[in-house]
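2 protein chains.
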Amino acid sequence: MDAVVLEENGSPRLVDRPRPEPGPGEVLVRIDRVGVDGTDREVVGGNHGGTEGAMVLGHEAVGTVADPNGTAFSAGEPVVPTVRRPPGDYNEYFRRGEPDMAPMNATVECGIDGADGFMAEFVAVPSEYLLRLPERLAPAGFLVEPLSITAKALELAEASREPFTWERDRALVLGTGSLGLLTLPVLDERFEEVYCLGRRDRDDPAVELAREIGATYVDSRKTPVDEVPAAHAPMDLVVEATGHAPHAVESVSALAPNGVAALLGVPGDHEASVELGERHRELVVGNRAVIGSVNAGYSHFERAVEWLDSLPPSVVDAFTEHVYPLREFEAALDRDVIKTAVEIGP
Amino acid sequence: MDAVVLEENGSPRLVDRPRPEPGPGEVLVRIDRVGVDGTDREVVGGNHGGTEGAMVLGHEAVGTVADPNGTAFSAGEPVVPTVRRPPGDYNEYFRRGEPDMAPMNATVECGIDGADGFMAEFVAVPSEYLLRLPERLAPAGFLVEPLSITAKALELAEASREPFTWERDRALVLGTGSLGLLTLPVLDERFEEVYCLGRRDRDDPAVELAREIGATYVDSRKTPVDEVPAAHAPMDLVVEATGHAPHAVESVSALAPNGVAALLGVPGDHEASVELGERHRELVVGNRAVIGSVNAGYSHFERAVEWLDSLPPSVVDAFTEHVYPLREFEAALDRDVIKTAVEIGP
Chain A
1 MDAVVLEENG SPRLVDRPRP EPGPGEVLVR IDRVGVDGTD REVVGGNHGG
51 TEGAMVLGHE AVGTVADPNG TAFSAGEPVV PTVRRPPGDY NEYFRRGEPD
101 MAPMNATVEC GIDGADGFMA EFVAVPSEYL LRLPERLAPA GFLVEPLSIT
151 AKALELAEAS REPFTWERDR ALVLGTGSLG LLTLPVLDER FEEVYCLGRR
201 DRDDPAVELA REIGATYVDS RKTPVDEVPA AHAPMDLVVE ATGHAPHAVE
251 SVSALAPNGV AALLGVPGDH EASVELGERH RELVVGNRAV IGSVNAGYSH
301 FERAVEWLDS LPPSVVDAFT EHVYPLREFE AALDRDVIKT AVEIGP
Chain B
1 MDAVVLEENG SPRLVDRPRP EPGPGEVLVR IDRVGVDGTD REVVGGNHGG
51 TEGAMVLGHE AVGTVADPNG TAFSAGEPVV PTVRRPPGDY NEYFRRGEPD
101 MAPMNATVEC GIDGADGFMA EFVAVPSEYL LRLPERLAPA GFLVEPLSIT
151 AKALELAEAS REPFTWERDR ALVLGTGSLG LLTLPVLDER FEEVYCLGRR
201 DRDDPAVELA REIGATYVDS RKTPVDEVPA AHAPMDLVVE ATGHAPHAVE
251 SVSALAPNGV AALLGVPGDH EASVELGERH RELVVGNRAV IGSVNAGYSH
301 FERAVEWLDS LPPSVVDAFT EHVYPLREFE AALDRDVIKT AVEIGP
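Here the protein sequences line up with chains A and B, keeping their order. For the first sequence, the residue numbers in the UniProt record's numbering are 1 to 346. For the second sequence, the residue numbers in the UniProt record's numbering are 1 to 346.
Hint data in this document are derived by calculation from the structure and do not stem from the laboratory. Beta carbons: idealized from backbone N, C-alpha and C, even for Gly. Any given hint could be a false lead.
Covered by chain B, according to a simulated footprint, are these stretches of chain A (three or more residues, beta-carbon under 8 Å) [unchecked claim]:
no.	segment
1	239–253
2	275–283
3	291–297
With the sequences and hints as input, model every part of the structure.
Dropping the structure here:
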């Protein structure tokens, strides 16, 4: 079967691999589409995850059950696989159904770190790591995984504000990549005003989509993160989806009192001089919080399916516009446009 | 009546002031004891809060109802006043019973910022800002306010970890001041192991008390905050109670995966070079969080009364050992020992 693999210190290649044989409790899934995001580009660039030898790329997948193999699934059902697997034996995080809370040494991540991903014609997936998807959502099913990332981050952010009356007036997303853009319609349902900050020109399709979703675009080349309150308004929620390291501290200054910043991006090293005292005071005196969040658990995938079902059709169209055939996987990996994906199924 | 006031740009002085007349809904309280903490010293030093003209000092008080003035209180009842008041008209935060969530421009703080405190023979307190205290707790009643600070911080920290299984193995308190020390017995009830980090010698009474409570002392001159995991163990909770600005970022590195740092101290300006990328990654990939917390609401004061009731008698003794008569208020303000207080009542 066809598969896109990344070899250590190499470029991704389309290769022939044996079709996997599902073991006990595993479902054979025919992969239909695999989304591409910033993490894939980091992995390909050698800046994140990877594995010894060759690894199949791709972690945002939707497929169809090819062989239920005695599990509760049925042939032909659309399914989405989750990303984390135990790194050998089961551990407490997987036993609890909280693989997303496992430290890095207690998990592998399919297509990202230490395990084969989904950019292949077939994969064998333990049934507990598969979600059913309504048929109508299948064409956009590769958006479930990125939406699950937002679902978890929002759950953590909301939980941190639960002890008091949190005013949800304004939310700001840092980043116009696919995760940032996909977070906008979710926040637009939950906040009075939604803002989106990036480094793109105003006629860029990503910026046009952000505006179509209802977000106010902030060009960070003119208005840096910590100047957003003065230029627009202080934010009750900031979602960091770029992995630009200074954003963690700058976000604190973009927050309204009692606001929370959720960090999703994974930055490289970045040393900088910071006025720590002022940031620290803003956190304390303003009851602000900064929450890191990585990956997502089964419940977040389930919420993501609900969210996908409630996205406006025009937004789904924009996110599924750039789907490339498998042989053009390099275009999907290279092209920086709203969202790209690879089509694998027949 | 006697009162200790701070004049703008002056030193605190014992002066004669007219006894307050309680207005409608206000209770006349005879103050018995007022605790002193780092915030008072910051205020006296001109580094925090203050007011135009003269301000009565003191925000950690316990007193006795002298005149219920038609309220539900009874003469002779021990009471503790809360600290925040509306800065004129009532606002939404006070209406909701969440004055601790008010931004600084929507509140004043008795004895700290913009309103007279409690270091006086009598104060008039609106009944809604008074808590009843069991008679047996009255001698240590000035500990309710600092315990309420910990109660709120712990509530926020716990809420932020509520969506998943938070392992509460180890907690670290940064600071051997009165707030840090008072937090130790509370955490000792809730965590397997408790650590306390400071800059005192091992034979200092504060360090001896920390050990008596059951905490492992960490000398920050030998083991900086971010080296605590290597020297001891990673921490599931860090409580920052010094106001040393670099602690906010250093705390992130002291945390175990899924851990949370609660910041309580209010630092001055402090510019420093920081490896932001690594801290950001630790937050994201480790699902860590940093939570700022200031002041406390009525529910936190109520919890603090319960906690005070459950403190070991030897701990209460240590915290009430250094109570000075009012005329020696300067010793209470100056002396850096476990906890000082001023005795005002007859």
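Verification of the hints:
Three residues within the 8 Å Cβ limit are the bar, and the segment 239–253 of chain A against chain B gives 6, so the coverage statement holds. By the rule of at least three residues with a Cβ nearer than 8 Å to a Cβ of chain B, the coverage given for the segment 275–283 of chain A holds, with 9 such residues. Given as covered by chain B, the segment 291–297 of chain A passes the check, having 5 residues with a CB less than 8 Å from a CB of that chain where 3 are the minimum.
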